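Engineer: Full structure from sequences and hints, please.
Just so you know, the sequences run in chain order A and B. The numbering of the first sequence is our numbering, which starts it at 14 and goes up by one. The numbering of the second sequence is our numbering, which starts it at 190 and goes up by one.
Don't take every hint at face value.
Taking CB as the label site, the calculated pair distances span [to be verified]:
no.: 1; chain 1: B; residue 1: F389; chain 2: A; residue 2: N165; range: 52 to 58 Å
no.: 2; chain 1: B; residue 1: R459; chain 2: A; residue 2: D58; range: 42 to 48 Å
no.: 3; chain 1: A; residue 1: L34; chain 2: B; residue 2: Y254; range: 34 to 40 Å
no.: 4; chain 1: A; residue 1: P16; chain 2: B; residue 2: G231; range: 36 to 42 Å
no.: 5; chain 1: B; residue 1: K480; chain 2: A; residue 2: E103; range: 36 to 42 Å
no.: 6; chain 1: A; residue 1: K117; chain 2: B; residue 2: K324; range: 26 to 32 Å
Calculated from the structure, these hints are not laboratory results. This one's a predicted model, so the numbers in the text were calculated from it and none came from an experiment. Where is the CB? At the ideal position from N, CA and C, for every residue including glycine.
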Amino acid sequence: MSPVGWAITLIVVLIIVILVLISVYFINRIIVLSNRIDNAWSQIDVQLKKRADLVPNLVETVKGYMKHEQKAIEMVTKARERMMTAGGVEEKIKAGRELTAALKTIFALAENYPNLKANENFKLLQEQLEGIESKIAYARQFYNDSTLSYNNMISTIPGRWFAGTMHRVQRPYFEITEEERAPVRVSF
Amino acid sequence: MEKISFFDQIARNKRNSILLSIFIIALVVALVYTIAYLLLPGFAIFFLVFAAAIMVAHAYTSYNYGDRIVLKATSAKPADPIEHVYLINTVEGLSIAAGIPPPKVYVVDDDEINAFACGKDPKHASIAVTTGALKNLNRTELEGVVGHEISHIANYDIRFMTLVAVLVGLVAILSYMLLRSYRVTKGEKGKAGLLIFAGFLLAIFAPIVSRLVQAMISRRREFSADAGSAQLTRYPEGLASALEKILKINRGKMKVSESISHLFISDPNRSPLDELFATHPPLEKRIKILKAM
Chain A
14 MSPVGWAITL IVVLIIVILV LISVYFINRI IVLSNRIDNA WSQIDVQLKK RADLVPNLVE
74 TVKGYMKHEQ KAIEMVTKAR ERMMTAGGVE EKIKAGRELT AALKTIFALA ENYPNLKANE
134 NFKLLQEQLE GIESKIAYAR QFYNDSTLSY NNMISTIPGR WFAGTMHRVQ RPYFEITEEE
194 RAPVRVSF
Chain B
190 MEKISFFDQI ARNKRNSILL SIFIIALVVA LVYTIAYLLL PGFAIFFLVF AAAIMVAHAY
250 TSYNYGDRIV LKATSAKPAD PIEHVYLINT VEGLSIAAGI PPPKVYVVDD DEINAFACGK
310 DPKHASIAVT TGALKNLNRT ELEGVVGHEI SHIANYDIRF MTLVAVLVGL VAILSYMLLR
370 SYRVTKGEKG KAGLLIFAGF LLAIFAPIVS RLVQAMISRR REFSADAGSA QLTRYPEGLA
430 SALEKILKIN RGKMKVSESI SHLFISDPNR SPLDELFATH PPLEKRIKIL KAM
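Structural biologist: Written as structure tokens, this is what we have:
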């Protein structure tokens with residue numbers, strides 16, 4: 014081969030190597046970002062489970078004091094049961110919301126029972142449940158942030174070319190109901 | 190809203206950590222060689238090898254155990270799972286938001302409002318908050334402060350900053366020793382005057398240069414960690430109001446070494462030289478930027 018031939022071969026090989034490297038980078042990136050969304054969901058799931066585990070404790074503590082609030086207590090127990098038996102993501106989210114509402118009612122009613130509010134066990138449970146509630150909110154935020162990075166990746170060039178061949182589609186965001194929405198939303 | 194990409198910053202922090210380690214190893218080996226040459230010229234080479242070995246071991250130790258050294262230097266105690274349950278919950282919540290494992294939580298007994306994070310990576314990280322912060326800050330303010338530290342962890346600032354803390358302390362000690370040895374040999378004449386002069390310069394300038402490096406690297410990081418906190422809490426006013434309280438309450442007289450001051454959210458040692466050596470940007474400026482977000 015002539016020197017020119019060698020040069021052309023070298024350039025072609027170089028271009029192929031660069032293209033392969035770029036492809037590997039983007040394919041891995043798409044997989045990593047997509048896995049991050051799954052991981053974000055499992056974070057939410059862990060917190061939902063932790064909360065469901067605390068509920069029987071709470072019911073036990075509250076029962077003795079709130080004799081006239083059987084309905085509210087029952088609501089919590091039922092919401093927890095639904096939470097435990099829920100299968101899919103959608104179902105879990107729905108049951109999680111019901112449990113949140115039911116717990117809110119219990120804590121609002123507890124305001125009328127000074128003895129209960131002074132109970133050390135109750136105070137600790139309340140702090141733990143509030144902590145979990147905010148962790149669920151943060152986990153949801155991480156879920157949506159991860160979904161945004163992923164969706165941006167697969168909808169912009171060159172990510173969308175790879176996403177197409179990998180049969181990857183946009184992932185849905187975690188819907189936030191009106192009352193759960195944080196008071197202040199900032200963007201920058 | 191676009192998530193701030195930490196990738197560039199993470200890569201930069203990892204690269205800087207390596208560069209810094211090499212730089213400090215070279216600097217200290219030069220210092221030790223100078224000392225040895227002044228005191229025992231015959232054994233200078235032996236000391237050179239010895240110092241190099243020690244310094245590599247030292248760099249390895251400060252990479253792996255730097256967080257323990259820093260925590261010990263501030264007498265931070267592990268947070269009590271009952272008494273500080275609220276702080277622990279806040280840290281865990283924000284680490285979930287940042288997608289990192291929950292760091293270990295410590296409390297420093299001090300009346301000033303302050304906090305810092307250290308460690309080599311998000312898997313081996315610690316957050317410490319002062320009792321003054323727990324007492325004076327409300328929920329959203331504490332979240333802002335913790336968010337700032339969590340974002341230092343998530344973008345690997347802590348690896349670089351912890352290394353700097355341990356190494357700056359070491360350079361300060363060594364140049365002090367060099368200055369002492371210079372005084373010891375001062376009387377003897379004809380002992381490679383140039384080298385003595387170089388050693389003298391090194392002893393004076395090494396701490397100044399390392400302090401300057403410490404100041405430069407950490408000022409920019411504070412702004413980006415503030416932005417990261419706003420990103421995590423979705424509420425920049427929380428951190429802004431915490432910084433306002435710091436401005437009002439703190440006097441910058443915490444009992445911590447100057448070599449770890451850049452780790453803190455607000456400068457724990459204020460001094461008249463801050464114009465040049467300040468490890469933190471002015472609080473007023475940070476508050477203004479946060480409020481404009």
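Engineer: Each hint needs a verdict: does it hold in this structure or not?
Structural biologist: Going through the hints against the structure:
no.: 1; hint: F389/B to N165/A: 52 to 58 Å; result: holds (57 Å)
no.: 2; hint: R459/B to D58/A: 42 to 48 Å; result: holds (47 Å)
no.: 3; hint: L34/A to Y254/B: 34 to 40 Å; result: holds (37 Å)
no.: 4; hint: P16/A to G231/B: 36 to 42 Å; result: violated (60 Å)
no.: 5; hint: K480/B to E103/A: 36 to 42 Å; result: holds (40 Å)
no.: 6; hint: K117/A to K324/B: 26 to 32 Å; result: holds (29 Å)
Going through the hint list in order, the structure does not satisfy hint 4, though it satisfies all others.
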